[in-house]
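As given, the protein sequences belong to chains W and U, one line each in that order.
Going by my numbering, the first sequence opens with residue 41, and the numbers climb by one from there.
Going by my numbering, the second sequence opens with residue 12, and the numbers climb by one from there.
No wet-lab data here; the hints were simulated from the structure.
Don't be surprised by glycine CBs; every beta carbon is placed ideally from N, CA and C.
Among the clues, some could well be false.
[Claimed, not checked] In silico lysine to aspartate or glutamate, EDC-like type, Cα no more than 16 Å apart, as pairs:
{"hint": "1", "chain 1": "U", "residue 1": "71", "chain 2": "U", "residue 2": "90"}
{"hint": "2", "chain 1": "W", "residue 1": "80", "chain 2": "U", "residue 2": "47"}
{"hint": "3", "chain 1": "U", "residue 1": "127", "chain 2": "W", "residue 2": "114"}
{"hint": "4", "chain 1": "W", "residue 1": "104", "chain 2": "U", "residue 2": "64"}
{"hint": "5", "chain 1": "U", "residue 1": "100", "chain 2": "U", "residue 2": "140"}
{"hint": "6", "chain 1": "U", "residue 1": "83", "chain 2": "U", "residue 2": "72"}
{"hint": "7", "chain 1": "W", "residue 1": "83", "chain 2": "U", "residue 2": "59"}
{"hint": "8", "chain 1": "U", "residue 1": "137", "chain 2": "U", "residue 2": "41"}
{"hint": "9", "chain 1": "U", "residue 1": "103", "chain 2": "U", "residue 2": "66"}
{"hint": "10", "chain 1": "U", "residue 1": "28", "chain 2": "U", "residue 2": "140"}
{"hint": "11", "chain 1": "W", "residue 1": "97", "chain 2": "U", "residue 2": "140"}
{"hint": "12", "chain 1": "U", "residue 1": "117", "chain 2": "U", "residue 2": "144"}
{"hint": "13", "chain 1": "W", "residue 1": "78", "chain 2": "U", "residue 2": "64"}
{"hint": "14", "chain 1": "U", "residue 1": "99", "chain 2": "U", "residue 2": "66"}
{"hint": "15", "chain 1": "U", "residue 1": "40", "chain 2": "U", "residue 2": "72"}
{"hint": "16", "chain 1": "W", "residue 1": "79", "chain 2": "U", "residue 2": "140"}
{"hint": "17", "chain 1": "U", "residue 1": "127", "chain 2": "U", "residue 2": "105"}
{"hint": "18", "chain 1": "W", "residue 1": "80", "chain 2": "U", "residue 2": "91"}
{"hint": "19", "chain 1": "W", "residue 1": "97", "chain 2": "U", "residue 2": "46"}
{"hint": "20", "chain 1": "U", "residue 1": "83", "chain 2": "U", "residue 2": "46"}
{"hint": "21", "chain 1": "W", "residue 1": "83", "chain 2": "U", "residue 2": "144"}
{"hint": "22", "chain 1": "U", "residue 1": "40", "chain 2": "W", "residue 2": "121"}
{"hint": "23", "chain 1": "U", "residue 1": "25", "chain 2": "W", "residue 2": "73"}
{"hint": "24", "chain 1": "U", "residue 1": "137", "chain 2": "U", "residue 2": "59"}
{"hint": "25", "chain 1": "W", "residue 1": "80", "chain 2": "U", "residue 2": "41"}
{"hint": "26", "chain 1": "U", "residue 1": "117", "chain 2": "U", "residue 2": "92"}
{"hint": "27", "chain 1": "W", "residue 1": "104", "chain 2": "U", "residue 2": "34"}
[Said to hold, decoys possible] To list a few chain W residues with every Cβ distance to chain U over 10 Å, as calculated:
{"hint": "28", "residue": "47"}
{"hint": "29", "residue": "48"}
{"hint": "30", "residue": "54"}
{"hint": "31", "residue": "57"}
{"hint": "32", "residue": "64"}
{"hint": "33", "residue": "68"}
{"hint": "34", "residue": "79"}
{"hint": "35", "residue": "85"}
{"hint": "36", "residue": "86"}
{"hint": "37", "residue": "88"}
{"hint": "38", "residue": "89"}
{"hint": "39", "residue": "93"}
{"hint": "40", "residue": "103"}
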Amino acid sequence: MDTVRGGTPQVIIHKSQPGIIVMRIDDLKKLQEESKPKKKVRKFNLEEIRKNNPFYKYAGCLDKVYGTEISTVELCKRWAEYVD
Amino acid sequence: MLIDSNIIVEIGRKQNKNRVCGDFLNSIKEGMISEEIFVTQFALHAIEALVSDIDSNLIKDFLLLIHQGFIKTYNSKTEDDLMAMAVKKDLKLDFDDAIQFIAANKLQTYLVTYDKDFSHASLQTKTPEEVLDELAKAS
Numbered sequence: 041m042d043t044v045r046g047g048t049p050q051v052i053i054h055k056s057q058p059g060i061i062v063m064r065i066d067d068l069k070k071l072q073e074e075s076k077p078k079k080k081v082r083k084f085n086l087e088e089i090r091k092n093n094p095f096y097k098y099a100g101c102l103d104k105v106y107g108t109e110i111s112t113v114e115l116c117k118r119w120a121e122y123v124d
Numbered sequence: 012m013l014i015d016s017n018i019i020v021e022i023g024r025k026q027n028k029n030r031v032c033g034d035f036l037n038s039i040k041e042g043m044i045s046e047e048i049f050v051t052q053f054a055l056h057a058i059e060a061l062v063s064d065i066d067s068n069l070i071k072d073f074l075l076l077i078h079q080g081f082i083k084t085y086n087s088k089t090e091d092d093l094m095a096m097a098v099k100k101d102l103k104l105d106f107d108d109a110i111q112f113i114a115a116n117k118l119q120t121y122l123v124t125y126d127k128d129f130s131h132a133s134l135q136t137k138t139p140e141e142v143l144d145e146l147a148k149a150s
C-alpha cells in the first residue's frame with residue numbers, strides 16, 4: 041500500500057486551450073489591428089519637412105523629356121506609350 | 012492610404028504641385044504618418060517606366076522608402092485583375108485605374124491621387140494637400 045506523505049498536496053493542472061473561439065468579426069479585426077507592431081511616429085512638422093527636402097531637387101527633371109504641355113495625370117495614364 | 016503613380020511622377024515635373032508632393036513624400040520618409048502606406052506593384056512599374064531612364068535617383072529614393080518599410084507594395088492577384096476587368100466599364104475607369112480601385116477596396120483604404128476619374132467610382136480619394144492638412148490639424 042502507498043504511503044501518504046505529509047505536506048502540501050501537489051496537483052498538476054493541465055491548462056487546455058479551446059480549439060475554436062467564436063467572436064464577432066469587428067472584435068477580430070480590432071484584435072488583429074492591436075496585435076500589429078506599432079510604427080514609431082514622429083510629430084508632424086511642416087517646416088521640418090520643407091527644410092532640406094531631398095525631393096525638391098527633382099523638380100522639372102522629367103519635363104526635358106515629356107515637355108510641359110501634358111499634365112502628370114495624363115502622362116501617367118499614357119505611361120505604356122513611353123516604354124520601349 | 013494607397014498612393015497613385017501621379018503623385019510620385021509629379022515630383023519630377025515643374026508644375027505647381029511638385030513641391031507639395033515632395034512635402035508629402037518627405038513626411039513619409041521622416042516617419043510622420045502613422046497609417047499604413049501602400050503602392051500597387053502595377054503603379055510602381057508605371058513610375059519606373061516613366062522615370063528610371065531619365066532620373067534614376069528619383070526612382071531610387073522612392074524605392075528606398077519601400078525597401079526601408081515606409082511604404083508597402085500591394086501585389087494584385089489574378090482575382091483582382093478579373094474584378095478590375097469586370098468593373099472598369101461600369102465605373103468608367105481605364106484598366107490602370109480599375110486596378111487601383113480594386114486594390115484600395117481590398118486594403119480598405121483611400122487613394123491619394125490627383126486623378127479626377129475616380130469621381131465616378133465609390134472610392135474615397137485625397138490629394139497630398141488634404142493629407143498634409145489633416146496631419147497638421149491633428150498635430
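So, going through the hints one by one against the coordinates:
{"no.": "1", "hint": "U/71 / U/90", "in the structure": "30 Å, violated"}
{"no.": "2", "hint": "W/80 / U/47", "in the structure": "12 Å, holds"}
{"no.": "3", "hint": "U/127 / W/114", "in the structure": "11 Å, holds"}
{"no.": "4", "hint": "W/104 / U/64", "in the structure": "12 Å, holds"}
{"no.": "5", "hint": "U/100 / U/140", "in the structure": "30 Å, violated"}
{"no.": "6", "hint": "U/83 / U/72", "in the structure": "14 Å, holds"}
{"no.": "7", "hint": "W/83 / U/59", "in the structure": "31 Å, violated"}
{"no.": "8", "hint": "U/137 / U/41", "in the structure": "20 Å, violated"}
{"no.": "9", "hint": "U/103 / U/66", "in the structure": "33 Å, violated"}
{"no.": "10", "hint": "U/28 / U/140", "in the structure": "9 Å, holds"}
{"no.": "11", "hint": "W/97 / U/140", "in the structure": "20 Å, violated"}
{"no.": "12", "hint": "U/117 / U/144", "in the structure": "26 Å, violated"}
{"no.": "13", "hint": "W/78 / U/64", "in the structure": "37 Å, violated"}
{"no.": "14", "hint": "U/99 / U/66", "in the structure": "33 Å, violated"}
{"no.": "15", "hint": "U/40 / U/72", "in the structure": "10 Å, holds"}
{"no.": "16", "hint": "W/79 / U/140", "in the structure": "23 Å, violated"}
{"no.": "17", "hint": "U/127 / U/105", "in the structure": "12 Å, holds"}
{"no.": "18", "hint": "W/80 / U/91", "in the structure": "32 Å, violated"}
{"no.": "19", "hint": "W/97 / U/46", "in the structure": "27 Å, violated"}
{"no.": "20", "hint": "U/83 / U/46", "in the structure": "11 Å, holds"}
{"no.": "21", "hint": "W/83 / U/144", "in the structure": "14 Å, holds"}
{"no.": "22", "hint": "U/40 / W/121", "in the structure": "31 Å, violated"}
{"no.": "23", "hint": "U/25 / W/73", "in the structure": "40 Å, violated"}
{"no.": "24", "hint": "U/137 / U/59", "in the structure": "23 Å, violated"}
{"no.": "25", "hint": "W/80 / U/41", "in the structure": "10 Å, holds"}
{"no.": "26", "hint": "U/117 / U/92", "in the structure": "12 Å, holds"}
{"no.": "27", "hint": "W/104 / U/34", "in the structure": "23 Å, violated"}
{"no.": "28", "hint": "47", "in the structure": "56 Å, holds"}
{"no.": "29", "hint": "48", "in the structure": "51 Å, holds"}
{"no.": "30", "hint": "54", "in the structure": "40 Å, holds"}
{"no.": "31", "hint": "57", "in the structure": "30 Å, holds"}
{"no.": "32", "hint": "64", "in the structure": "17 Å, holds"}
{"no.": "33", "hint": "68", "in the structure": "14 Å, holds"}
{"no.": "34", "hint": "79", "in the structure": "6 Å, violated"}
{"no.": "35", "hint": "85", "in the structure": "7 Å, violated"}
{"no.": "36", "hint": "86", "in the structure": "6 Å, violated"}
{"no.": "37", "hint": "88", "in the structure": "7 Å, violated"}
{"no.": "38", "hint": "89", "in the structure": "5 Å, violated"}
{"no.": "39", "hint": "93", "in the structure": "5 Å, violated"}
{"no.": "40", "hint": "103", "in the structure": "5 Å, violated"}
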